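Number of protein chains: 2
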Amino acid sequence: MPTYTPPLRDMQFVMHEVLKVSDEFKALPPHAEVDADTINAVLEEGGKFAAEVAFPLNISGDTEGCKLDKSTHEVTTPQGFKEAYAKYVEGGWAALSCDPAYGGQGLPFVVNQCFYEMMNSANQAWTMYPGLSHGAYECLHAHGTEEQKKIYLPKLTSGEWTGTMCLTEPHCGTDLGLLRTKAEPQADGTYKITGAKIFISAGEHDMTSNIVHLVLARLPDAPVGSKGISLFVVPKFKVNADGSLGERNAIYCGGLEHKMGIHGNATAQIVIDGATGTMVGQPNKGLAAMFVMMNAARLGVGNQSLGLTEVAYQNALAYAKDRIQMRSLSGTKAKDKPADPIIVHPDVRKMLLTAKAYAEGGRALQCFCALLLDKELSHPDEKVRKESGEMLALLTPIVKAFITDNGYEAATMCQQVFGGHGYIKEWGMEQYVRDARINMIYEGTNTIQSLDLLGRKILGNNGATLKKFGKLVGQLVEEEGVNEKMAEFINPIAYLGDQMTKFTTEIGFRGMQNPDEVGAAAVDYLRVAGHLVFGYFFARMAQVALREIAAGNTDPFYQAKLQTARFYFAKLFPETATLMRTARAGSKVLMDTDLALA
Amino acid sequence: MPTYTPPLRDMQFVMHEVLKVSDEFKALPPHAEVDADTINAVLEEGGKFAAEVAFPLNISGDTEGCKLDKSTHEVTTPQGFKEAYAKYVEGGWAALSCDPAYGGQGLPFVVNQCFYEMMNSANQAWTMYPGLSHGAYECLHAHGTEEQKKIYLPKLTSGEWTGTMCLTEPHCGTDLGLLRTKAEPQADGTYKITGAKIFISAGEHDMTSNIVHLVLARLPDAPVGSKGISLFVVPKFKVNADGSLGERNAIYCGGLEHKMGIHGNATAQIVIDGATGTMVGQPNKGLAAMFVMMNAARLGVGNQSLGLTEVAYQNALAYAKDRIQMRSLSGTKAKDKPADPIIVHPDVRKMLLTAKAYAEGGRALQCFCALLLDKELSHPDEKVRKESGEMLALLTPIVKAFITDNGYEAATMCQQVFGGHGYIKEWGMEQYVRDARINMIYEGTNTIQSLDLLGRKILGNNGATLKKFGKLVGQLVEEEGVNEKMAEFINPIAYLGDQMTKFTTEIGFRGMQNPDEVGAAAVDYLRVAGHLVFGYFFARMAQVALREIAAGNTDPFYQAKLQTARFYFAKLFPETATLMRTARAGSKVLMDTDLALA
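Those sequence lines, one after another, are chains Y and U. Start counting the first sequence at 579; every next residue gets the next number (our numbering). Start counting the second sequence at 579; every next residue gets the next number (our numbering).
What you were told as hints is all true, and nothing was included just to trick you.
Copies of one chain are not kept apart here, so a pair can be met inside one copy or by any two copies together.
With a straight-line cut-off of 25 Å between C-alpha atoms, the simulated BS3-like cross-links for lysine-lysine are:
no., residue 1, residue 2
1, K1003, K645
2, K1166, K911
3, K1003, K648
4, K805, K913
Hints were generated in silico from the structure; no laboratory data involved. Because the structure is a prediction, the values reported are computed rather than measured.
Using the sequences provided together with the hints, build the complete structure.
Right, here's the structure in full:
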């Protein structure tokens, strides 16, 4: 059976020593008083909840799965899930970074980010139930009417109700412009909604008394395509004026999917049979409103894979120290044992360090993004808010795609460390691989992320935001360019930054002549960008570590960080050499293949 | 539900047009009469068996799994498995390339190779039952006493009985030197065997009246470690002198593993409680005898992933043509539809072509290896036999590791083409990923394969065999060096061949000073070698295609082959740029990480 220890020390390092979040919070009125001690105390408790309440339900939840009673349309979640949720609500965890106006604790997002990383390590399938609520909360908070906010936000904040995103239909996932669910205006200002949705995560369950579905649908006179989509809030139970639950709404679960993983989460087919809903935001502007939710969800999906990477790593590391098999190539290490622990083998170390480096790089990036979100929402200076939002928009597809691709690779490698035992359910490793797999698919496939990055976020504004990230890299290069000890961390990112600038211009020109050139390069480009970002954060982490060591700090944490950074630059970062080459290979070898793909 | 069409045309291309197997067979007395028509007719029938009998049981077998009755120790395989096996035996498929002296059909291994590729596409879990028998057959054929051969080979040839390999124990997989199962000599020349084995594929089932277990165990006076291991044949039912079944032997299934995939195959814990066995080969030379089986099994595992790659590709291709979603970046393609089929998107093509190129490269390599095996066993010239065996030994770890790593990547990409539907069981794609995963682990993990390749097969003989493969590449380069049309296929392998030669010398020197340098480079090295080999075969396939086109052949197959080869060299082969770099990065960044891995 796997184990899990919350990585509090590394979170503290990233937040307090690298990003210095408390200094940043001083400029943000709602968080000006939030200091390191507060954050650490919250996360320590959060880590306990993750490790002690959610984690023990992970394998059993996978084995049991969810059950639908077709006669009542009610779903039973795996044993213990409901009770764990009650503890979650009782502990106030749902409210962590919600608006105090609706009962929230108002803590910065970066705290919620770290809490959710631990929850995802502990139990991704369980964590998706409250996780989806956050998206619904954000969306209603940004676009709901005063009445909608009054009805729904306090309950979503407390966790008394959960929320969902009902987007996908059988014939459309990526291409929401094709959706068919109808919304007919009623005399009382509500809408009568009819349609069929699929793949609705946490779409039905027995944890809460109500579920707040946010549903994309079309008005009768809506333009075709994505410009004719509106957003509606459709609760499972209608809500009376006094906030009490009214009659059952005609929105129910028609089936549950049998999936590769995340068995503990109910992936529901949702039948909407003339249900009553109210509109969120403006008519035909539903996609824009939904994107508030989607962007939060994309960061959340990256965080799911970050969590899985960390827990897979911890267990593979423990196994590699414990399992004895063969002798070290360079001579016996454990003379008192019939064989050496497998951690003596270089490739076992490589697999472990890959997962560790991806976890630590991902953690730095995710915290940086959460801090940008805090600034976007709370900084008094509009320019800072705007620039923070733009930088976050640039980094969001990288978080979603790069961290989830890495997470699948890392989970696969950690499983490999276990040899045959990694393939057996009871060890828990194969579940991490199966769970991690969905993160590359949902909330926009990783290919879609790459097109969002290169097409919209980079070429769409002539590389302006990318240049701002490049400036951060440039500043670090300038700061540390003469520091010999930093050369091994600085030179690679300086070189790659230059390369990317050139290639971005090149692909911009090519794309104007043939847009397929952008599509052909995008996935490779995103991975290069991901390495530039990870490289930047590893360099910053190394910078802090070197300074601490120079100042006489003997905490082995800093030497460990340098070792991981060195590994990263020597063994993972060089992937960019191939990626630049294949990105440059162009679209012809892909598109002139009608006969090969006949 | 997935579909499967046997890739007979591509098999014929590889066998008859690229490798010209019938010409080679003329030199092999047992196969001198085997012509293309015979091979094609057998494979056409074999393809029907795979597609019509084994394939329909793939998803149901995965869903049902195997069931153990703990009171009788009997295992029930999924519905239909037993009946399909009866048809397999009835059709004579078990005997395809077995020795006519024991009732076999004596066809070349290359035919069996292609037949088994199709069986693996159809149903890997089912195919493992007869597949494991082949290893037991080969081992007894090479090392059994006359009596053992007389008793066991006819039944294994007909398929009336199946065989297993009982190697792994709970505390030892890779490191068989640690094994503890005991074999005590008895007065009648038999051995009394006691111990516990795990992970025994096809270890118990209801398909045949007897199961022939080949068991590694230690004699009482055996030296410690791998030099003290002997091999025994331990049948489930003892066999009377007249060949009829005697009493139940004390070897039984104590449990079945719950696994990530290959649910239809019974992965058994085997309890051996004073069972009666006879020795195969010499005392304490069991590992050598077992390696006959292991080498066959390693080629077989590569073939499993080749089969999965092909079937995953076929289904992803069909889906990509059928599923409409978004418009092409370069303008609407399907004007009559509300969206374009997703095959218009460059990255969807990239995922499809990756799987196709890995399937076609793998098929060429596997057939080449099967032909080497035929030559090793049947060529009248001892020198040819020896050299064929050496070349096969060099290529075996590449087949095992490169094709299985590629297969997992390909299955994952083909699943990705399906978007969210790829994560749902009914589409069948997630099963291919789960099944493909084991192939990177069993029969020696892919790390072990890389050490076998670099440490033993290459540095172990100072690169002598590698040079022979290099000579094949050199010949092709010389033949086609002045052919402009071949330059795009020839230049990359000529360059990489040079690079590898240099790096092999370099790593040989470094390894003498520090053996961990070999361990640190081996996995990357194997993938480079894999690309050199695939590159060589793609160049040879392109050579044939270009010649056919030049001769006026208008079969679109040849243009399709050139398109796939171009894609391969442009988008997959460049991985070697990174791999050479990371292989050269050395062992220090892996081994000086005790603090990071604390």
